[in-house]
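Can you join these two chains into the complex? Each is in its own frame, and there are hints to help.
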Amino acid sequence: MMLWIFFAVAFIAFLGALGLVFHSNPMVAGLCMAVAMVAQGALYILLHVPFLGFFQMIVYAGAVMVMAVFIIMAHKSAEQGQEVSLTQTLATYLGAALFLIQAVRAVWSAAPPSFAQVDRAFGSIQQFGNVLVEHYAVPFELASLVLLAAMIGAVVMARRIWE
Amino acid sequence: MMALGPYLILSLFLFAAGLIGVLTRRSAILVFLSAELMLNSANLLFLAFGRHYGDLQGAAFVFFVMAVSAAEAAVGMAIVVAFMKHAKTTNIDAANLMKW
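So the protein sequences, as listed, match chains X and V. Take 180 as the starting number for the first sequence in this note's numbering and just add one per residue. Take 25 as the starting number for the second sequence in this note's numbering and just add one per residue.
One or more hints might be untrue.
Unchecked claim - Not everything, but these chain X residues come out facing chain V in the computed CB check (under 8 Å): (1) V214; (2) A215; (3) L222; (4) L231; (5) A333; (6) M336.
Note that these hints are calculated values from the structure, not bench results. Predicted, not measured: the structure shown is a model, and the values here were computed from it. All C-beta atoms in this analysis are idealised placements derived from N, C-alpha and C, irrespective of residue type, glycine included.
Chain V extracted, bound-state conformation (with noise of 0.2 Å):
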């Protein structure tokens, strides 16, 4: 009989890992899918909460929280590529126009 705590703890790993891929990796779309990566271990603790109490409303959530996260994929990537022809690279350090 599977319990709740281990897919909470994958979950958390998920999360460290994705977060440690947004503050170390330089390619903007590694940036990019590494918080893919933190979004879809919050909907695996959704989901697995959601098994825990019997209900499918946190089903609902992860549907919604995928419609938002393709839209965000496809404007992100659109900015990544015109980043690119922008700058000739994807290091987000050249993204320094707006720095202060």
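So that you can see chain X by itself, here it is in the shape it has in the complex (with noise of 0.2 Å):
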């Protein structure tokens, strides 16, 4: 049962990753991201730690996206001018080929094992707020300055710098 909600779950993914990376109208491969963002977060909520499901969610899906298709919207033709050339294309379709052959033979040689029982209280945000104030209370308040470092140089790059 929990095989086939993957399977369907990781399809939807794949597809929205697809669209993004082969869609010529920017504005649809923006929306095939959210809906990758989404069924990645869904993939979170399977794997016992729901609540950075629903995070995964609402950062992007919700604040990327909007961002991201904003700016779209706001262009008018964003794909435009000259193609990437054949050697580049074919070069990064031998590379990733490359990359997924290898990878993926690595992963079946080694052959994981099923996951092991974790009792229910896995994932929940009582466990995790334990494990970020024991072993990242530091990282978790510089995390708090970064994203207050992005926000001023958000604003600072926005501006109308350039005329």
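Have a look at this one:
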């Protein structure tokens, strides 16, 4: 049962990723990205970490996608000008194919076993908070500084500095 | 019962798709979103291994990756907007001011 849910969600995530990479209309590609992000959030929930799944949906399918779609819509033809050269396209596909073959072979030969049973509390927000405070208190504070710096940086960058 | 393998394979495929997107799309926004896709595939890997070992530290890492990529999204979008005003296009081939 779990396996079928996983395959359905994984299929949707992969379709979304393909739409992002291959669809010619930037707007549709951006929305495909949102589909992939929501499906990934569902996968996080399947992996027993539900609040990160909801974070994923809110942060990516919500915040990041709204910004991206806003910029795509504010600009008329986002994808124009010359295409990527044939050499670069072929080299990219070749590189991606080699990477996939090698990595899938590694996973295949390692043959990882089934997941161990975990108790119901695993992935609860209490346990996660304990891990965060016990091991990652300083990085957590640093993350807030990074976000503050990014906020100020974004305002500074987006001002009319080019005229 | 789920196993680790399918998650790893899905994550690899998403990473490869993001890689192709970064190297073949020309719109700066879509290149940026493809990079986000690669970040997310790594997140999936973190969570799958965390579930495998019954350890929540992977989830903590995913949390920080999300925080950093949200910051990166804000700054990246601001740069794209500034570049759009400057060059009147979002085609990243137009960003050749500092090309060697």
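Results for each hint:
{"no.": "1", "hint": "V214", "verdict": "violated (12 Å)"}
{"no.": "2", "hint": "A215", "verdict": "holds (7 Å)"}
{"no.": "3", "hint": "L222", "verdict": "holds (6 Å)"}
{"no.": "4", "hint": "L231", "verdict": "holds (6 Å)"}
{"no.": "5", "hint": "A333", "verdict": "holds (4 Å)"}
{"no.": "6", "hint": "M336", "verdict": "holds (4 Å)"}
When each numbered hint is compared with the structure, a violation occurs for hint 1 only.
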